[in-house]
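Engineer: All residue numbers for the sequence shown refer to the working numbering, where the first residue is 89 and numbers rise by one.
Watch out, some of these pointers could steer you wrong.
Stated by the list, open to error - Using 30 Å as the maximum straight-line C-alpha spacing, the simulated DSS-like pairs for lysine-lysine come out as follows:
1. K410 / K382
2. K177 / K242
3. K410 / K421
4. K423 / K382
5. K467 / K423
6. K423 / K410
7. K421 / K432
8. K296 / K242
9. K432 / K467
10. K421 / K467
11. K382 / K421
12. K242 / K382
13. K421 / K242
14. K410 / K467
15. K296 / K432
16. K432 / K410
These are computed hints drawn from the structure, not numbers from a lab.
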Amino acid sequence: MTWTCPVCHAENGGGGSFCKECGFDCTCDYERYGTLTAPLPAGAKPVPALAADWQRKLVPGALACPDCGSTTFYYSVQLGQLICTRCRKAVPLVQEPRANHITAGTSAAKPLIVPRSCATLACGADTTAAVLADGTCVAAGNNRFGQCRVESWKNLIAVAVGGNHTVGLRSDGTVVATGSNWSGQCEVGSWTDIIAIAAGRWHTVGLKADGTVVAVGGNGDGQCNVGDWTNIIAVAAGGDHTVGLRADHRVVAVGTNFYGQSNVDDWHDVAAVAAGVYHTVGLRIDGTVVTAGKNERGQRNVQGWANIVAVSAGELHTVGLKSDGTVVAVGEKNKGQCSVTGWKNMVAVAAGANHTVGLRADGTVVAAGANQSGQCNVKQWRNIAFPEPQP
């Protein structure tokens, strides 16, 4: 049995009620309401119509598509964009505080976290990098291998920092890299159609628009063995392992599993993933957090966390951004990397080996933790781009 989605016209099989492409719930009253959803797991409550005043916040200008004037849109899992139901053209989201998640304005609906988002702020071992609103890049910290030489980069929408290298994703889907290339982790010049990037200790990962994944660099533990992955919507790279989030909200991992950091096969309803050196973190759709791997310093003690909209994993600590713009952190505290209790109005967070950085709603950056290489010297940074769904 097959059926055609009335929103995106994708052909669906198996008799399910949720469209595989846009997540539309066919039990909703489509003729009466325009619908914007994320792909929902079987048995989940349908997310019905969005109020007009809420749509106005997402679509620039008003309720209408800037090309044809339509007032209904859906979120394409494959493209990571809002698509007009009439002319099928992409409609960009407004850059707003906490733009990395979408929340329906009805009491029955729960937050819908857009799983694929551009990381405009990133930390590595002892380096911090960020994308500015104009598409250029800034970096601070250890520059021994040239990992901070990003001043010539342009048209960026995302950045990732590894052990001793920095990677940038351009708006045209190509990738640039600088820093140590000892294991070939900077050999990304031929990549195209990339929509997300991640950097591990000695490897680099790219998510392609078709849901497949590419990787280069050190592969001693199989962390680059991602050639058979499909239907991936987000990626993360740890010390020596790689994590992928599938469109069905389940998780896959390859690479080292010495501490159990790749034991993610039973995770479900996951909206985002993060990988540290020795542990892995998953953000569930309901705003709770699941972890796997080493817990020597309590970096996995997240059982009480709720209303989380973004997560990041460092070497021995974990950071979470809450829906109210505050930040929580657990794990190693000896360098002050968990001293984030006073942070407010945050829209993004990133965890390095022993430091943590956060992006404020005003485009400025705060940092806490180790600063031996100047990786926390970010007070003068301005106009950092907000994370938003990828083009």
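Engineer: Now look at each hint and say whether the structure bears it out.
Structural biologist: Taking the hints in turn, this is what the structure says about them:
no. : hint        : in the structure
1   : K410 / K382 : holds (24 Å)
2   : K177 / K242 : holds (25 Å)
3   : K410 / K421 : holds (20 Å)
4   : K423 / K382 : holds (19 Å)
5   : K467 / K423 : holds (18 Å)
6   : K423 / K410 : holds (23 Å)
7   : K421 / K432 : holds (20 Å)
8   : K296 / K242 : holds (20 Å)
9   : K432 / K467 : holds (15 Å)
10  : K421 / K467 : holds (21 Å)
11  : K382 / K421 : holds (16 Å)
12  : K242 / K382 : violated (38 Å)
13  : K421 / K242 : violated (36 Å)
14  : K410 / K467 : holds (22 Å)
15  : K296 / K432 : violated (34 Å)
16  : K432 / K410 : holds (10 Å)
Of the numbered hints listed earlier, those contradicted by the structure are 12, 13 and 15.
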